[in-house]
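Here the protein sequences come in this chain order: A and B.
Numbering follows the numbering used here, in which position 145 of the first sequence is assigned residue number 537; successive positions increment by one, without gaps.
Numbering follows the numbering used here, in which position 81 of the second sequence is assigned residue number 473; successive positions increment by one, without gaps.
These are computed hints drawn from the structure, not numbers from a lab.
Predicted, not measured: the structure shown is a model, and the values here were computed from it.
Straight-line Cα separation of at most 25 Å, DSS-like style, residue types lysine-lysine; simulated pairs: (1) A:K631 x A:K576; (2) B:K442 x B:K580; (3) B:K442 x A:K480; (4) A:K576 x A:K558; (5) B:K480 x B:K547; (6) A:K442 x B:K480.
Far from chain B by the CB rule (all over 10 Å, computed), these chain A residues: (7) S482; (8) A511; (9) N515; (10) N524; (11) Q542; (12) V622; (13) S626; (14) E633; (15) D634; (16) V669.
The beta-carbon is built from N, C-alpha and C at its ideal position, and this holds for glycine as well.
Protein chains: 2
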Amino acid sequence: MPAPEIDDGMPLIHMLRPLLSSGGRLGRRARVPCDSWRFAVETNTLRDWKTIPARCEKYVGNYMMGGHYRSDSRAVVNEAISYAESLKLSGEGKEVWVFDVDETTVSNLPYYAEHGFGAEPYNWTTFGAYANEASAPALPETMRLYKRLQALGIKPVILTGRREDKREATAKNLARVGYTGYEKLLLKYATRIPPGWLSCVHAFLSRTDELMTVRSAIECRPQDARVHSVEFKSGERQKLEDAGYVIVGNIGDQWSDLLGAPEGDRTFKLPDPMYYVG
Amino acid sequence: MPAPEIDDGMPLIHMLRPLLSSGGRLGRRARVPCDSWRFAVETNTLRDWKTIPARCEKYVGNYMMGGHYRSDSRAVVNEAISYAESLKLSGEGKEVWVFDVDETTVSNLPYYAEHGFGAEPYNWTTFGAYANEASAPALPETMRLYKRLQALGIKPVILTGRREDKREATAKNLARVGYTGYEKLLLKYATRIPPGWLSCVHAFLSRTDELMTVRSAIECRPQDARVHSVEFKSGERQKLEDAGYVIVGNIGDQWSDLLGAPEGDRTFKLPDPMYYVG
Chain A
393 MPAPEIDDGM PLIHMLRPLL SSGGRLGRRA RVPCDSWRFA VETNTLRDWK
443 TIPARCEKYV GNYMMGGHYR SDSRAVVNEA ISYAESLKLS GEGKEVWVFD
493 VDETTVSNLP YYAEHGFGAE PYNWTTFGAY ANEASAPALP ETMRLYKRLQ
543 ALGIKPVILT GRREDKREAT AKNLARVGYT GYEKLLLKYA TRIPPGWLSC
593 VHAFLSRTDE LMTVRSAIEC RPQDARVHSV EFKSGERQKL EDAGYVIVGN
643 IGDQWSDLLG APEGDRTFKL PDPMYYVG
Chain B
393 MPAPEIDDGM PLIHMLRPLL SSGGRLGRRA RVPCDSWRFA VETNTLRDWK
443 TIPARCEKYV GNYMMGGHYR SDSRAVVNEA ISYAESLKLS GEGKEVWVFD
493 VDETTVSNLP YYAEHGFGAE PYNWTTFGAY ANEASAPALP ETMRLYKRLQ
543 ALGIKPVILT GRREDKREAT AKNLARVGYT GYEKLLLKYA TRIPPGWLSC
593 VHAFLSRTDE LMTVRSAIEC RPQDARVHSV EFKSGERQKL EDAGYVIVGN
643 IGDQWSDLLG APEGDRTFKL PDPMYYVG
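Generate coordinates for the entire structure from the input sequences, incorporating the hints supplied.
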């Protein structure tokens with residue numbers, strides 16, 4: 393194989409500048425410390441990243457396995473409980489709190505510790521096999537919030553980007569570590585065929601006017617099922633509100649758990665420097 | 393003065409528990425490290441706080457004055473510039489980037505270093521006097537972004553919660569440190585009487601049907617001018633879009649700069665552990 397030609401469109405003269413100068417194109421992209429990379433990740437400035445920076449694997453490992461991750465989680469849950477205790481409930485039992493699953497109710501650290509803490513790209517096959525084991529431990533801070541909310545009379549709703557084919561394993565895992573008595577367990581559909589697709593096709597076939605036919609054909613596209621997390625989760629939260637529930641709180645490790653109306657009255661961002669879900 | 397009676401509504405028996413136990417009301421509210429407090433602040437979990445925890449004054453001071461604050465800012469701006477350089481512009485000059493002022497274009501560290509880095513409650517009088525000096529230095533990272541955007545052909549729009557009575561001082565400060573050639577400088581109105589109030593009252597007086605009269609009377613209420621930052625800033629961004637601008641980016645140190653549709657195509661959260669604006 394011939395050596396690839398280097399042509400990134402950058403004038404050669406730039407190559408003579410020091411790599412870590414304070415100005416210029418290269419300087420601007422100088423490495424920031426892993427701690428500042430994490431700041432940009434946790435504040436939703438860095439998006440759509442596939443793996444953590446290779447140089448930060450040790451940093452992220454120390455963060456996750458040492459006390460830092462637990463301490464950050466504790467600060468978030470302390471505030472969530474303090475907020476929940478301040479609420480005046482209606483007494484009609486319609487108040488719910490939305491919980492994400494991965495890195496929220498349960499911790500997948502046993503998996504990620506063996507996969508570079510996010511330094512390896514996401515692998516559907518190996519992570520799927522791990523999820524099917526239903527062996528993930530609870531995130532202790534989230535468990536503390538979960539139990540306190542139940543004692544207060546606020547019902548937990550589990551809302552996860554895991555697909556329906558993981559329903560049994562997910563329910564088993566949650567029950568095994570003590571998450572019981574939730575109001576609903578909502579997962580993404582398992583295939584790329586969206587719910588209502590059959591009735592959509594039926595409507596398409598029964599229409600006669602040309603414009604409506606074209607429009608409904610577009611609406612029926614099975615690939616619409618590849619819905620992003622924000623769209624899926626905010627849609628499910630809207631359904632909860634339409635059903636009369638009041639979402640008083642919403643906790644997750646990804647901004648895609650917490651953005652998109654209706655977000656819930658308050659949102660609580662747990663730490664997760666290992667992966668990004670958009 | 394008599395000593396105040398201690399009655400915080402907590403049963404006395406709780407006083408016998410260890411202050412830092414892992415369970416129970418006191419344990420749950422045990423102090424988290426200042427670094428974890430900052431995590432909860434920067435991810436919009438902690439809200440409506442008036443001052444930093446007294447025990448964190450030294451921590452926040454070290455964060456702001458040492459390299460950490462600058463390093464976190466650098467990570468955010470590196471990503472913003474990388475994103476801006478990836479954009480395909482229309483060539484019609486309608487792309488704008490929204491900048492907040494305090495702790496975004498300019499740094500008020502000279503003021504906050506003398507006021508406990510947020511350990512003292514916000515003081516309109518002393519901060520107002522400082523702002524009128526128009527002496528705040530530029531945040532160097534934001535200046536780098538500002539200049540790069542102008543070179544790319546993206547127009548800066550300055551959008552601040554400072555009131556109109558600070559327009560002259562703010563413009564003078566921005567110009568003095570090198571922020572020139574912006575498209576607009578948008579500030580909050582100076583009084584509690586909203587813009588359009590006079591015409592609102594005129595419409596109210598000229599209406600005869602009862603329903604409309606009641607409705608317009610409500611709409612004319614001067615206290616509506618006490619608009620929160622999210623409402624004010626998203627309203628101004630909507631006006632920009634209505635005028636044909638495309639907000640490709642939005643940078644600020646407060647979540648109230650970045651939340652509320654239309655947010656802009658991408659948001660960039662600069663660090664600020666010193667104060668909260670809701």
